[in-house]
Amino acid sequence: MIELAPDRLPALTRWLPAGAPGPAVVGEHVLGTGIGHWWADRPDQPHALAVSCAGYAVLRGAPDTLTPEALAPLAHHYIDAPVRFLPALRSAFDRLTPWERMVWTLQAEPHPSPTPRGVTIRRLEPRDAHLMAALDPDAAWIHGTWGGPAGLASSGHGRAAVDRGGELLAVACTHFRGTRYEDVSVFTRPDHRRHHLGLACVTALCADITARGHQPSWNCSALNRASRLLAWTAGFRLVREYVHHAAGSPTWHSRRTAESRPSGETAAARKAL
Numbered sequence: 002m003i004e005l006a007p008d009r010l011p012a013l014t015r016w017l018p019a020g021a022p023g024p025a026v027v028g029e030h031v032l033g034t035g036i037g038h039w040w041a042d043r044p045d046q047p048h049a050l051a052v053s054c055a056g057y058a059v060l061r062g063a064p065d066t067l068t069p070e071a072l073a074p075l076a077h078h079y080i081d082a083p084v085r086f087l088p089a090l091r092s093a094f095d096r097l098t099p100w101e102r103m104v105w106t107l108q109a110e111p112h113p114s115p116t117p118r119g120v121t122i123r124r125l126e127p128r129d130a131h132l133m134a135a136l137d138p139d140a141a142w143i144h145g146t147w148g149g150p151a152g153l154a155s156s157g158h159g160r161a162a163v164d165r166g167g168e169l170l171a172v173a174c175t176h177f178r179g180t181r182y183e184d185v186s187v188f189t190r191p192d193h194r195r196h197h198l199g200l201a202c203v204t205a206l207c208a209d210i211t212a213r214g215h216q217p218s219w220n221c222s223a224l225n226r227a228s229r230l231l232a233w234t235a236g237f238r239l240v241r242e243y244v245h246h247a248a249g250s251p252t253w254h255s256r257r258t259a260e261s262r263p264s265g266e267t268a269a270a271r272k273a274l
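Sequential numbering of the sequence shown, starting at 2, is according to my numbering.
Just so you know, the hints here were simulated from the structure itself, not pulled from any lab data.
The beta carbon of each residue, even a glycine, is placed where N, CA and C say it ideally should be.
Treat the hints with care, as some may be off.
[What the hints assert, rightly or not] Restraint-style ranges between C-beta atoms, simulated for each label pair:
{"hint": "1", "residue 1": "Gln216", "residue 2": "Ala141", "range": "26 to 34 Å"}
{"hint": "2", "residue 1": "Pro113", "residue 2": "Ala6", "range": "47 to 55 Å"}
{"hint": "3", "residue 1": "Ala141", "residue 2": "Thr121", "range": "56 to 64 Å"}
{"hint": "4", "residue 1": "Glu168", "residue 2": "Asp95", "range": "35 to 43 Å"}
{"hint": "5", "residue 1": "Ile3", "residue 2": "Arg165", "range": "19 to 27 Å"}
{"hint": "6", "residue 1": "Ala247", "residue 2": "Thr68", "range": "17 to 25 Å"}
{"hint": "7", "residue 1": "Ala134", "residue 2": "Arg91", "range": "16 to 24 Å"}
{"hint": "8", "residue 1": "Pro115", "residue 2": "Glu168", "range": "30 to 38 Å"}
When you get a sec, could you build the whole thing from the sequences and use the hints?
What follows is the structure in structure tokens.
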């Protein structure tokens, strides 16, 4: 697919879901923040449009003209697409694994989350960028949708649990910011879990989101029991389920490599030369 410049988007974004919790917030986040990429099968009058950010992609339109090579930019993404795209996606990647997802919205009061002594729940600030960067490498996903630690720290969309020494123990943030919903994510350092720090950060963040006139939402794997439990405890309730697909490596590259590789006979002849 061809990457589109931002000035070409207004006429095309009507193809994407909007104003709803779940995959809709991906496109709205990219459109609002400029962090991510827009793709189309052709520069003029495209038949298919995709938006991607931090490993997630939403694909809409018609799959008729999509070749494996055209879909290659979506390799190693979690792709939300209608069922009609599945044949094209299966031929484009060496694997396409379905993942059942659950979408929740805030509908109830959170359970009380007393903060442990010596810990403060506060908003992330630009000066926290180096603290975000120092978190466990496994936490890098949480700031990926903001372009990195500095982006999240200066976004005004994060809450953190901080100890007396100034270290970040847990972080909750708006992962994708939509026009109506803000999708919440949270990370707690492994050595500080089971102390309700994640819940405290999520509760504070949800208050911020509500104050902005938006609604908090939650998106997680159906198999992620810990995430489901935290969502419920924080006051979220299930509203729907859907399936997105984890794409593997592009098949067109593998095919091209195989086609360009000399046969055994030709290779032997070349060695002889």
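A quick look at each hint next to the structure:
For Gln216 paired with Ala141, a C-beta distance near 27 Å keeps the hint of 26 to 34 Å intact. The given range of 47 to 55 Å is respected by Pro113 and Ala6, whose C-beta atoms sit roughly 49 Å from each other. Roughly 24 Å separates the CB atoms of Ala141 and Thr121, a value that falls outside the hinted 56 to 64 Å. Hint check: Glu168 to Asp95, Cβ distance near 41 Å, so the stated range 35 to 43 Å holds.
Judged by the Cβ atoms, the range 19 to 27 Å given for Ile3 and Arg165 is violated: they are separated by roughly 52 Å. For Ala247 paired with Thr68, a C-beta distance near 21 Å keeps the hint of 17 to 25 Å intact. Distance hint check for Ala134 and Arg91: the Cβ-Cβ separation is about 38 Å, which falls outside the suggested range of 16 to 24 Å. Between Pro115 and Glu168 the Cβ separation comes to about 20 Å, which falls outside the hinted range of 30 to 38 Å.
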